[in-house]
Amino acid sequence: MNRIVRRGLVNLVGLAVAFLFAFPVYWMVISAFKDTNDIQTYTPVFFPVPTLDNFVHAINAPHFMEYLGNSVFVTLSTLALALVVGFLAAAVVARVRIRGRRGFLILVAIAQMAPFEALLIPFFLVLRDAGMDNKLTSLVVIYFIFTLPFTIWSLRGFIAGIPVDLEEAAMVDGASRVGAFVRVTLPLLWPGLVATATFCFITAWNEFLYANSLMRSTYTLPVWLVSFQTNFGTDWGATMAASTLFTLPVLAFFLIVQGRMVGGLTAGAVKG
Amino acid sequence: MGVIETQAAEVRRKASGPAVAPSPSVRMRRAVGRSLPYLALLPTLVAFLLLLGYPVLRLVETSLQHWGLKELFSGTTTWVGLANYQRILADPEFGTVLVRTFIFTAACVGLTIGVGTLVALLMERLNHLVQVLLSVAMVLAWATPIVTGVVVFQWLFDSKLGVVNWAISSVGIFGNWLNHSWFETGPSTFGIIVLLIVWQAVPFVALSLYAGLLGIGVDLHEAARVDGASERQIFWHVTLPLLRPLILMLTFLSIIWDFKVYTQVYAMRQGGPDGQTVTLSVYSYIVGISQSHYDIAAAVSMVMVVLLLIVLIPYIRTMIRSQEEA
Chain A
37 MNRIVRRGLV NLVGLAVAFL FAFPVYWMVI SAFKDTNDIQ TYTPVFFPVP TLDNFVHAIN
97 APHFMEYLGN SVFVTLSTLA LALVVGFLAA AVVARVRIRG RRGFLILVAI AQMAPFEALL
157 IPFFLVLRDA GMDNKLTSLV VIYFIFTLPF TIWSLRGFIA GIPVDLEEAA MVDGASRVGA
217 FVRVTLPLLW PGLVATATFC FITAWNEFLY ANSLMRSTYT LPVWLVSFQT NFGTDWGATM
277 AASTLFTLPV LAFFLIVQGR MVGGLTAGAV KG
Chain B
756 MGVIETQAAE VRRKASGPAV APSPSVRMRR AVGRSLPYLA LLPTLVAFLL LLGYPVLRLV
816 ETSLQHWGLK ELFSGTTTWV GLANYQRILA DPEFGTVLVR TFIFTAACVG LTIGVGTLVA
876 LLMERLNHLV QVLLSVAMVL AWATPIVTGV VVFQWLFDSK LGVVNWAISS VGIFGNWLNH
936 SWFETGPSTF GIIVLLIVWQ AVPFVALSLY AGLLGIGVDL HEAARVDGAS ERQIFWHVTL
996 PLLRPLILML TFLSIIWDFK VYTQVYAMRQ GGPDGQTVTL SVYSYIVGIS QSHYDIAAAV
1056 SMVMVVLLLI VLIPYIRTMI RSQEEA
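Here the protein sequences come in this chain order: A and B.
Here the first sequence is numbered in the numbering used here, starting from 37 and rising by one per residue.
Here the second sequence is numbered in the numbering used here, starting from 756 and rising by one per residue.
Simulated from the structure, these hints should not be mistaken for lab results.
As the structure is a prediction and not an experimental result, all values here were calculated from the model.
It cannot be assumed that every hint is accurate.
What the hints assert, rightly or not - Listed next, the stretches of chain A that the computed footprint assigns to chain B, with coverage defined by at least 3 CB atoms under 8 Å from CB atoms of chain B: (1) 47–53; (2) 68–78; (3) 119–127; (4) 154–166; (5) 176–188; (6) 219–233; (7) 281–289.
Said to hold, decoys possible - Here are the computed lysine to aspartate or glutamate pairs in the EDC-like style, where the Cα-Cα straight-line distance is at most 20 Å: (8) A:Lys171 / A:Asp74; (9) B:Lys915 / A:Asp71; (10) B:Lys915 / A:Asp74; (11) B:Lys825 / A:Asp169; (12) B:Lys915 / A:Asp271; (13) B:Lys915 / B:Glu939; (14) B:Lys825 / A:Asp165.
For every residue, glycine included, the Cβ atom is placed at its ideal position computed from N, Cα and C.
I would like the entire structure built from these sequences, with the hints used as guidance.
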């Protein structure tokens, strides 16, 4: 009996912890659907009659569409650039025993831990000199170097996880080295590419320091969201609607990855 | 590449008839084939050189020069040696910011690792359903973009309409907290920022440690129990020592992340009230970007990098070693 009570208590604590972690997100979403009366009250409303007014308000706010476009452009460009360049390097370090491989890996590891917060001043000065400040392409280049080391590191792991035997079998059947890699390993690499892309997406989509410091008018959504809160400080409903809209793509990406990762990388590809 | 590749080459050679000296075009193709891997690494190497190596050099250079608004437009600078470093080290404000950053980092890291470990141990003891609920809740917190987190916490802790003040007041025993302003004093504002960081950082730590716990398995615990060890003894003498390398890595990572954190601190109150929540990275931003003292900001950033290296070097060494074993 004592044991059952203890198990019950432990699970109750688990539920309480889950509630604490989920509550801020729940409160954001629920506030986004409240009308002004339900927001402007000392006694919070937990189950409001939903309204879309706040979303309409947020989308029609100055610059939302423009900065959304900027964010999408910067994020997708970063993702494409990092994946292509990172994939080339990852394929080599995972599959070819070349000289300087160890040195290259150490370089990637160091680059991955580079404190970019400390490189803001030189990036600012260089871009000012080149007349490249306030340009979205500058952000793309910077986010590309933020994400490239992890992209290589992560893809290298995924490629190494796919047995080289499969490629060798294809080569026995007459395929070339590169041909075997492209036809055999690449199709198995999708989950790894998606997982890595998620990381690139989230980094570029969320970045605030550089977007706020290097741009003067062509901002991205994180800068907009923070200034929206300052400018519309009392309109919490619209602020939460804007936050919800900004969060949705990230959550979607997280969910896609979770789904794709299940099932394993090469399940069934190699027997025994 | 082993036997199979040699066999493959053998098969191909046999198929193409008796061995003859390779023609010039074949030799050419082989040379291209040999340089192909290096060609594939080239874009990355160029990117590292131009976008990491050069900025680092410029950072060092700027920290040794006189670099203000005037120099930004004239383009000519003067070398001043270590004067910028002497200036910040003599500045009591820099000292205050540095000590504040250390305390802030210690609070964030300590709480993240402590709470993360407790949540991981809790996960192990839950029903399947509650376990799934807790995992989903943690992924929600983890996936929340940082700026969203900042804006949502400002709303939760709003003095007039915030749900937190209502909740504390409703309990009854703490008195009336309606209209309590959380962002009026430095320590209180820091409390909210630390809470936000810990809320977002615990999921990664807890889920990693939980995976580590699963790896230990039940056999060892079973064996310890048979030998008469209590639950507490098992935790201190079996579980914890086995988790130690993982906890150490997570601690290193947390220190690296929290020491240089910028967005949460700046976006919450721009370093306010009255500059009381200015940490090292925010200080470097304010001095450099807002006040155009690029030289001083570069020196501050250099101090940040050097301090980070103390933690970074052992971390990178461990990371490379673990990759090579894999």
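Against the structure, the hints:
| no. | hint | verdict |
| --- | --- | --- |
| 1 | 47–53 | holds (count 5) |
| 2 | 68–78 | holds (count 4) |
| 3 | 119–127 | holds (count 5) |
| 4 | 154–166 | holds (count 11) |
| 5 | 176–188 | holds (count 6) |
| 6 | 219–233 | violated (count 0) |
| 7 | 281–289 | holds (count 4) |
| 8 | A:Lys171 / A:Asp74 | 41 Å, violated |
| 9 | B:Lys915 / A:Asp71 | 17 Å, holds |
| 10 | B:Lys915 / A:Asp74 | 14 Å, holds |
| 11 | B:Lys825 / A:Asp169 | 18 Å, holds |
| 12 | B:Lys915 / A:Asp271 | 13 Å, holds |
| 13 | B:Lys915 / B:Glu939 | 13 Å, holds |
| 14 | B:Lys825 / A:Asp165 | 13 Å, holds |
This entry does not satisfy hints 6 and 8, going by the numbered hints stated previously.
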